[in-house]
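Undergrad: Okay, here's what each chain looks like letter by letter:
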Amino acid sequence: MQNGLLAVENLYLHFRATRGVVQAVDGVGFDMGRNEALVVLGESGCGKTSLARAILRLLPRNVQTYSGEVWLDGVELMGLSEEQFRREVRWVKISMVPQAAMNSLNPVVRVGDQVAEPVVAHFGLKKEALAQAKDVFQRVGVPVDFMSRYAFELSGGMRQRVAIAMSLVTSPDLVILDEPTSALDVLTQANIMNTLKRIKKEFETSFILITHDISTSSELADRVAIMYAGQIVELNDAPHFFPAPLHPYSQKLLDSVPRLHEYKEPDFISGKPPSLLNPPQGCRFAPRCPSRFARCEQEPPMVDLGERRQVKCWLYPRWER
Amino acid sequence: MNMDRNVAAKDGTLLAVQNLHTWFELRKWGFGRAGFVRAVDGVDFELPYGEALAFVGESGCGKSTLAKTILGLYRPTKGDVIFEGRKLNEFQGREMQWYRSQVGYVQQDPYGALPPFMSVHRILEEPLIINGMKSKADREQRIVEVLEEVRMTPVEDFLSKFPHMLSGGQQQRVVVARSMILRPKLIVADEPVSMLDASVRVEILRLLRDLQDSHNLAVSYITHDLSTVRYFSKRIFVMYAAKIIEKAPVDELLGQPLHPYTQALLTAIPDPDAENAVTFKEVPPGEPPSLINPPAGCRFHPRCPKIIKDLCDRQEPPEFEPQPKHFVGCWLYR
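Just so you know, the sequences run in chain order A and B.
Quick note: the first sequence, position 277, residue 277 per the numbering used here, numbers continuous.
Quick note: the second sequence, position 59, residue 59 per the numbering used here, numbers continuous.
It is worth saying that the hints were derived from the structure and are not from the lab.
Just so it is clear, the structure is predicted and the values come from calculations on it, not from any experiment.
One or more hints might be untrue.
Part of the chain A face toward chain B, derived, beta carbon under 10 Å [claimed, not checked]: (1) VAL75; (2) ALA100; (3) LYS134; (4) ASP135; (5) SER215; (6) PRO266.
Heads up, the beta-carbon is just placed ideally off N, CA and C, and yes, glycines get one too.
The task is simple: from the sequences and hints, build the whole structure.
TA: Encoded structure:
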């Protein structure tokens with residue numbers, strides 16, 4: 001695809017656990033362009049965070065399978081050695097704001113020094129680092145004199161901005177945000193989403209936003225990926241997705257969002273997501289799906305419907321492509 | 001239970017809260033006084049039998065403290081909680097136990113609220129034993145009944161399970177079942193769905209609503225999420241910095257919010273729509289004030305876009321009623 005920044009193909013990440021193999025990321029593929037924001041939506045435990053960690057190769061020790069292809073700017077990342085990956089990719093080209101980052105700031109280091117640290121570590125620039133940190137503080141809307149404060153002297157919203165500043169300080173092409181606003185208040189959340197939108201516009205940064213909050217995700221999304229039980233079941237552009245999602249799971253998920261500004265009775269999905277230890281054969285959503293039929297016992301392929309719409313469901317047969 | 005000091009409640013009011021203050025003392029060096037955190041600072045309202053009421057506010061605005069004061073878990077510093085015409089402060093011993101059987105509590109985090117070493121059966125049986133249901137057969141019957149009410153069927157499949165064997169939604173059903181088992185008149189639900197996934201959330205809210213209808217329960221529903229309120233309650237109270245700043249019926253509050261803070265909340269909460277990505281939201285800057293030294297005058301004035309100089313920053317606004325049954329604490333409506 002033109003102007004492509006990141007392409008992921010057939011990514012697998014399985015973990016060993018006491019009761020078997022957890023198939024957290026199971027054959028995931030997507031691509032995204034420059035200055036695009038991709039939102040990965042799904043319920044808790046569907047493998048969203050594992051997907052982020054697989055892309056950044058931040059893996060725990062109990063990995064069983066880790067395979068697939070990750071292309072960034074035409075370079076295949078899975079082939080790089082650990083040291084090369086650390087030097088050339090992590091935090092240089094792709095950075096991440098992990099979940100609950102605002103509570104993981106070092107309590108005994110001034111936040112300005114913490115934000116400057118990636119620059120020192122990756123480029124060895126001590127003097128410029130603080131200047132860059134100052135610049136990035138302004139970008140995310142933290143007063144510059146907060147640089148000499150400690151994390152506990154800041155409010156939750158300010159700490160989250162500091163965590164975002166840290167991911168932006170090396171001017172990466174892609175920033176992965178894992179639930180960046182889920183612990184924050186409504187007004188603070190709206191403020192931070194405004195900041196992210198501004199950064200995306202002014203600095204042409206690309207974002208992968210991982211969240212379960214569908215309403216808030218629409219504030220940033222250009223493109224939406226719906227994950228269910230370790231797999232992506234739908235990829236769609238936001239203007240297509242929010243009015244008319246394709247996959248039955250996406251439809252149900254969107255129906256379950258309570259609306260504030262219009263009256264619409266929300267629905268819910270009965271049953272619960274399958275265990276990733278032994279996911280069901282065939283379509284993984286079939287046991288909860290209102291429109292399942294005989295074919296759903298086999299695993300559906302990802303069908304390309306054109307206009308960058310892809311869906312993993314038998315309801316969209318190949319001849320409609 | 002037999003009551004000797006039962007004063008008849010006036011016109012169907014189940015719970016009345018009058019001028020309630022709950023302050024927490026801050027200490028210096030372990031004993032010196034260093035001030036107070038004014039978590040609830042002058043709250044008044046009445047809750048009739050069978051009505052669902054929602055408290056909406058951001059974290060740290062005192063809504064959970066209010067819930068716990070109503071439940072009798074915190075002692076109010078000043079003011080009264082009056083249940084069926086009787087003051088909570090004056091309850092002693094057995095009366096407090098009776099009160100606790102009349103008021104159910106649905107906690108925020110179902111996993112944290114359920115003891116991990118007790119089976120569903122034991123969790124539900126304990127309150128019955130404590131409240132003197134002697135016959136085992138009666139207890140079994142009530143447990144089955146309440147589990148059917150929260151739609152955990154077939155009941156036999158769940159009785160012997162431990163909390164960690166249940167999904168988040170099922171755990172929250174057990175918490176609801178436990179709060180219902182003594183047939184209370186009031187349920188206090190403190191963020192009952194905020195820890196659950198979107199697809200389960202609506203299911204639990206609908207369950208609470210059905211229970212409220214069928215048992216004529218009064219519910220005080222505490223949440224930070226305005227968008228879930230519409231499907232649940234009749235009236236909304238908006239809290240900001242330990243005070244209730246706006247009280248109104250749901251449709252009025254959502255359709256025509258009066259307080260600048262409520263207006264900001266409503267603009268800030270998005271509905272899923274791709275349009276959101278291309279527009280910026282008008283959001284007041286800053287953060288809610290500290291409850292140790294709240295600002296003088298209206299507590300929202302430092303962030304308010306419609307501030308009236310020399311009034312809002314000096315005098316605290318009283319409660320105005322610009323429209324019938326719509327109360328607002330804001331000088332704009334004087």
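Undergrad: Checking each numbered hint in turn, tell me which of them this model violates, lowest number first.
TA: Violated hints (numbers, rising): 1, 2, 3, 4; every other hint is consistent with the structure.
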